[in-house]
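Asks: What follows is each chain in one-letter form.
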Amino acid sequence: MTQSCKDDFFELVDHGGLDARIWDNEGAIEYYLAGTYSMIMPTHPHEVTTNDMQMHYASDENYFSGTNAASKKVLGLSGEITLNDVKYIATKYQGTNIGDNRYFDIARCNNAIAYIPAGTLPPEVKKKFLGQFYALRAIVYFELTRLYGGVPLVLDPQNPDKLELSGRVSAKACFTQIVSDLDAAMTNLDGVTWDDGTGRGKITKAAAAALKAKALLYWASPQFNPTDNAAHPYEAQRWQTAFQASKEAYELCQATGRALMPNYNEIFLKEGISNTEAVLLRSYSATSPKRYTIVERASRPASEGGAPADYYVPTTLLLKAYRMKDGTPANGDNLLYDDALFWKNRDPRFKNTIVYNGADWPLSGKTGRKQWNYTNADGESSIKSFYCKKFVNPSLSSASVGIFNDIGGNGMDWIEIRFAEVMMNYAESANETGDLALAKELVRSIRQRAGIEQGKYDYGLSLAANKEQMRDLLMNERQIEFAFEGKRYHDLRRTRRMHTLEGTIQTYLFETKSDALKKILEAKNAAGIMHRERLDMNNRDTVLNYFKYPYNLRAESANGAFAFRDYYYFYPLPNTFMSSSPLLEQTIGYEGGTFDPLNN
Amino acid sequence: MNYPFFKKSLLKRSIKLLCPLLALSPAPVFALSTTNSPLLLSTKFAGVTGRVLDQDGKPVHGATILVKGSKAGVKTGEDGVFHINLPADNTVIVVSYVGYKVQEIDTKGKTNITIRLESNTSIDEVVVVGYGTKKRREVLGAVASVDPKEIQDIPAANIAAALRDRVAGLGVSESSGRPGAAVTLNVRNAFASDQAKLQGVTNEPLYVIDGIISSSDVFENLDASMVENISILKDASAAIYGASGAKGVILVTTKRGQVGKTQLTYNGYLGISDATVKPKMLSAYQHAKLLNETYALNNVQPTEFFSDEDLAYLKTNPYKSWYDELWKPSKMERHNLSISGGSEKITFFAGGSYQKEDGNYAGMSQQKYSFRSGFNTQIIDGLKADIAFNVNNTKTNSQNSLSDDRDQNFYQTLITTPQWVPIQIDGLPVNFSNINANSNTNPLAIINSGYYQKRSNANYNINASLNYAPEYLKGFSARIQISNSGTSSSGQEYLPAYDLYEFVRTGNNNKFYTNTVDKVFRMDGSKTRILPSLGKGNSYQGNIVLQYANTFGKHSLDLMVGAEQSASNAEGLSAYWTNQQLLNLDEYWAFDQSTFTRSDRSITEAVKRSFFGRLNYDYKKKYLLEVITRVDASSNFAKGNIWGVFPTVATGWVVSDEEFFKDLNYLSYLKLRANYGLVGEDRVLARLWQERFSVDLVNTGYLYGETPVASLNPTIIANPDISWEKHRTFNFGIESRWFDNKLSFGFEYYLRNSYDVFDKGNDENFPMYAGFKAPVVNYQKRRGWGTEFSLGYQNTFSNGFKLSTNMNFGYSASYTTQMYFNKFQLWDFSYPDWKVEMGTDSRKYNSSNYGLIYQDMLRTQQEVDNFLAKNPNYTIDGKVPQVGWTVYEDTNGDGKITEKDLTTMFDNTSPVFSTGITVGLAYKSFSLNTNFRAVFGGKVFYESQAMTAPTAFVNVPSFWEDHWSLENPNGKFPRYDDAAMMKKWNSTFWAEDGTTIRINNMVFNWSVPKTFTDKINVRSLKLMLSGNNLWTIVAPFKHRDPYSSSLYNYPTIRTISFGLNFGI
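Protein chains in written order, with our numbering: chain A, 204 to 803; chain B, 532 to 1595.
These are computed hints drawn from the structure, not numbers from a lab. Be a bit skeptical, because a hint or two may be false.
[What the hints assert, rightly or not] Computed list of lysine to aspartate or glutamate pairs in EDC-like fashion (alpha-carbon distance at most 16 Å, straight line): (1) B/K1170 to A/D211; (2) B/K1170 to A/D609; (3) A/K365 to B/E1222; (4) B/K1058 to A/D563; (5) B/K589 to B/E649.
[Unchecked claim] Per label pair, the in silico range of CB-to-CB distance: (6) A/E736 to B/K1058: 57 to 67 Å; (7) B/L1077 to A/F212: 14 to 24 Å; (8) B/N829 to A/K727: 34 to 44 Å; (9) A/K569 to B/N829: 27 to 37 Å; (10) B/S932 to A/G731: 29 to 39 Å; (11) A/P326 to B/V1092: 31 to 41 Å; (12) B/E835 to A/T252: 29 to 39 Å; (13) B/F1052 to A/N228: 45 to 55 Å; (14) A/K569 to B/S1057: 19 to 29 Å; (15) B/N1404 to A/L358: 30 to 40 Å.
[Said to hold, decoys possible] If we take Cβ atoms under 7 Å as the criterion, some of the chain B residues that face chain A in the derived model are: (16) G578; (17) T580; (18) S704; (19) T1231; (20) L1234; (21) G1236; (22) M1299; (23) Y1300; (24) A1301.
All values reported here derive from a predicted model rather than from experimental measurement. Idealized CB from N, CA, C, for every residue including glycine.
All chains should be built: construct the whole structure from the sequences, respecting the hints.
Replies: See the structure below:
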């Protein structure tokens, strides 16, 4: 009773949380930052499926785009995008899970940016934190801007008594803010290095520079800088700005040891300091609970512990996009090309990415193992006619592929920006600003690393004689180099090439000519090895002996041809978001839409 | 009204007429029966003269004096005097008069006696009203009281469950019949929105036991036979408990010793429990036949069908259903032993009770032990001490999970597994799963594996008070009370691995089992688990109360002021290990130590400080006035907002004491009263006023390389202004008694205006890009009104037959008049948000009254064609109606049936009349007490689970036999693939009239005659036969009990028990 007479009777210790004191506590901000990275840093493609996130990987690259309802709307294969279809921005009033509400992610950054400077931590500690929060905020705004064109800019902490919100702002205002945040990040992170063991994946000055170069590349690209829009005349100057930023990013990356990995097939396999190509990444682990990735399971065939997904199945369009091993186009006129053996003599990235019928794929450490993708192949359930080997760790045992008790998989880090992209961005802005030679030089080193032969056409580069041809070559190079890395969708939108797609989504099927031939293929010898293991899949006669040719096609019967609408380059805000504020205008092109992001 | 009254007066008059005649008879003895009693033949008589007076000392005319054990007796004259001749061997007389307690008096050795009658009406009963007691006639609020004796013999799960349908305005809901399942009380439809409940807001009343604010757990642990009184404060009279008084207060006083010889009392019962409604599911044959029929309609592969041989086999299905395999009648028992006694200086009470309730499967049981003791002593003149010490212990054990009171998953598996699936073959449990939650489980395998979950909760309470009422300061008293309580809890879940067996199947569609094991499914070691948990809590509460009460002529004054303070803290910790290494050992060290994981850790603290005062004034006990004010401070709010002031004013008028009423002799008592006041509520999450971040160690953390880092996340945005929720309550009451107190009638009307009600759900009032979750605010407004009627009739007829009945019923509704909603989202007006709920009526706008308007069932192809001709684009959930489907009204007029056509179906789903009735009958040594519920009208709906379509993995209730098919086009229910049913859309099709008549419980008592008990030296001996949830006479559904919300829930239990009660 005596103690109760003190004034602090009503002051109880909070055992369940912390209050605003966190801004004076380095450890607490470190935790807060971790939560912010967790929400904002991009994941492996298709890792997060809520809110139709997967529609933002829709493209001519993967078969999934033809089966996923939201993706089919994007591509116009079936249905069309209506007001409530693009939910990336927000669906909930919470920021608990990735994709709930991007403005909750932004609010985390806004709070840190507003409150850390007033805290009691040493200035150099504050700078390290601030740099990362600025860059993280830029990442969110950049994602929103490239999808919706222009969104409300909220930069200060909000609370019910102090709501300072306006409506959508122009793309220009968004990009200005993104660049300004990234400039702030670069300034604050100047001289900051992270230890790989405890800081891998934290944003560096070079990463911020790469993000800035990427943002400015978008700002200069046709999505935001159309070449044929009288109301919004083309501004060539933007390419100049993009070029300067790309140059700076390229040089900063080089200065901090970033370089192409020697082998294309090791880019995702090597992690940590041995990976010189990772500029911006999100770490995953096979042993840390809930920090797994399902990418191995989604890539592998069922016979080796996988549950293969259509999003790792290439379309005929991607298969055709690969050049031949000397950089020349793969078409009927090319002597190197054989349509029946379309995997033969290709750019080595083909076989380093795509697993065709009978391809070598030493999974689970089984040397000499071949992968059979023909219909009803013995030993396989849920057969895909192709698999993707990019995100697979072949030495992983099949038992470790799945996730049990929140642990498992290959733990492969997701590289959001690799040095090759910095180079490609640099090459593109060089080409647009008239430096064809520099553009070719950059692509040349990428093709050399890929294993393309110099051949008669300088790795195929001499086939591009001018800016326009080089532009196409660069697009093709990006499609191949970054296949299945989730870039193609954005590249097609950024360059306003999505609506020019022709054909539809389909892929090849491999089928045995007869059941009898299938039995022969699967007959075992005395050692228990099937006949098919000894086939030479690069021998035309062998292949045609057993398998149907011309190859049949797999397609979704309900799908039509690509029909991307030209107003899809900027998406509509979803209903719940729109109706939460009277200040919001709908995107132009959609029902009731008045907001044109390109207006100033 | 006139007619019965007229009859009554006639009756009275006729008795008066008879009296003089009787007086003329030669012997002053009359016999009510014409048969010759042997008594009359007895020759030895002793004459006794006596006088009967009422409590005010006035002579009583017409009281009956009987010779005990006979029907022979006399009546008192106008001066209250009687004379009776008694046989020498029977000197006990029985004195009775309506409205007064029956007394037995031994006249041995006396010739002249005076008998003082005691009122047996409750006008003068003592009612506990918070920090004191009052006589019933002085109470000015809606205070109901329950005599625990009435409910102590009912074999209900606990004291709260036994209160069902006994008090007007008190709702009782049991989540299921599972032992230990929660029973919640609700006073006058106290409301907390679904959103608010997530923020720690409750709609439960406040529990106060012996003056100490307590919890529902402690209340439920009380044994009714150790309780003296239960009062329910329903209106603003609860303001004396200002904090948390808004949702009613349950006040309990436990027993204390009485001056007199030490008495030992035992009471207890032993009962058998079983389901009130056994689940009636399709037999294997019926099930298979139905599936075949659906398959035929949907053109499925021939290999899916049951062949004719299969069907023939199923007619003689060799297996019992899983329910029949496991479900057994269970045992329930309760024993209570207490002693009490004392002298003028010191009295004591001590009692222990034990209750054990077994579940009907899976080794479930709940045991409660409790010990209560109390000493009252007078230290010096005017200084009294009251010390009580109580200990409770509840143990719950089960061989299946305790996490769900309704045990849905487990029970659902038992009843929905197709009956051609055996639970075991040759002692090997069959691997069969029909619901996701139970994949790769088998209830029998779980039970046999050694799985268990157990919990034990113990609490103690020391409650001491000193009361000082010095003689030199007449009317003044001071009281100080201190109590300390502690709780400790522990529990453990042990989940070992088990094997399940798959067997080679046979039959056309491979559904039937052979005895040959196909493969063994062994549970993964990582799923084995041991999870111990510990918790403890401590609290104290202290108060000082000063009181001055005095009478100045006709004026009475009672002034009380007090102060109170309390503090409590609680913490809990649980952790688990997985991957058992040493089999059959339920010890943590038998598990993989590297798997140690924290499951839960919580620490909470709360404090409260209050000042309160109550002023009572009355003039001639006829005009009464009461003013109550309480000032409360709660630690749930920020400094500056912690205080709440809750005043109430009440008045009463005992009309029947007025002179002009004295002549109306049919009206014995009439009181009008009204009160108006403010009550508050602080039960909401603490620290909503403070910006807050919490650490998430697992879910949203991040990884740098291989280094995991926890995340710190903003929880909710602060609302520094959050403070008390308030309810302004008006109550008007009438209490009346008629015809010599035989008939009582009570009426209450209340109007409750709630404001500053905790409201969450205003997220949408902010732009979605504001980036925060809306804070909890004091914003909502609600208005509720209700009436409560109670009718009672009690009479002891002259032949000794006693009747006492009580009936209560009422009407109520509540409206939300203000809540946060987003004006831009008015298009979304569906449950659970009811965005346009403003000012709407809860009798219409409630979650169950939301569905489609049923039009018709298309019974022939012709009907389908006609319908489609009229409604060419009509679809239900995108499907074109087929024969045997139901069709619905297109309420939004878009030509098709979608979610947007769901609407409120009926204007009012509440019953036309709903009442609880208690009838007590007593004759001589027998008594029978029955509690009924009768509900007329209203709408109830089939639960969504009952709409589940059958599959080869899921069985359905047998009412589905009567569904539409080609052979049975007039079936009551639609085809299984009915589009609306597949979506589980509710509709008027699924509505039934809610009329229910039900006997909740019945207690039959036989008091062994004194002649026998005297021989065995026992003060009293009573035998009882009683039953709870006895039977339902009228019910809307046959497939489940009206008290069960779903057929997948552990069913409501009927218990029939035999009891014994004796005192020495």
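Asks: A separate judgement is required for each hint: does it hold in the structure or not?
Replies: Outcome of the hint check:
1. B/K1170 to A/D211: With Cα atoms ~10 Å apart, B/K1170 and A/D211 stay inside 16 Å; holds.
2. B/K1170 to A/D609: 43 Å, violated
3. A/K365 to B/E1222: Roughly 15 Å between the alpha carbons, so the hint for A/K365 and B/E1222 holds.
4. B/K1058 to A/D563: The hint is violated at about 37 Å.
5. B/K589 to B/E649: 12 Å, holds
6. A/E736 to B/K1058: 57 to 67 Å: 38 Å, violated
7. B/L1077 to A/F212: 14 to 24 Å: 22 Å, holds
8. B/N829 to A/K727: 34 to 44 Å: With Cβ atoms ~42 Å apart, the hint holds.
9. A/K569 to B/N829: 27 to 37 Å: With Cβ atoms ~45 Å apart, the hint is violated.
10. B/S932 to A/G731: 29 to 39 Å: 47 Å, violated
11. A/P326 to B/V1092: 31 to 41 Å: 59 Å, violated
12. B/E835 to A/T252: 29 to 39 Å: At 32 Å between Cβs, range holds.
13. B/F1052 to A/N228: 45 to 55 Å: 50 Å, holds
14. A/K569 to B/S1057: 19 to 29 Å: 26 Å, holds
15. B/N1404 to A/L358: 30 to 40 Å: Taking Cβ atoms as reference, B/N1404 and A/L358 lie about 50 Å apart, which means the hint is violated.
16. G578: 67 Å, violated
17. T580: It is violated, given that the least Cβ distance between B/T580 and chain A is near 63 Å, above 7 Å.
18. S704: Since the shortest Cβ distance to chain A is 30 Å, the answer is violated.
19. T1231: 5 Å, holds
20. L1234: Constraint on B/L1234 satisfied, holds at 4 Å.
21. G1236: Check passed: Cβ of B/G1236 comes within 4 Å of chain A, closer than 7 Å.
22. M1299: Holds, about 4 Å.
23. Y1300: This hint holds: B/Y1300 lies near chain A, its Cβ roughly 4 Å from the closest one there, short of 7 Å.
24. A1301: 5 Å, holds
Hint compliance for this structure: hints 2, 4, 6, 9, 10, 11, 15, 16, 17, 18 are not met, and every other hint is.
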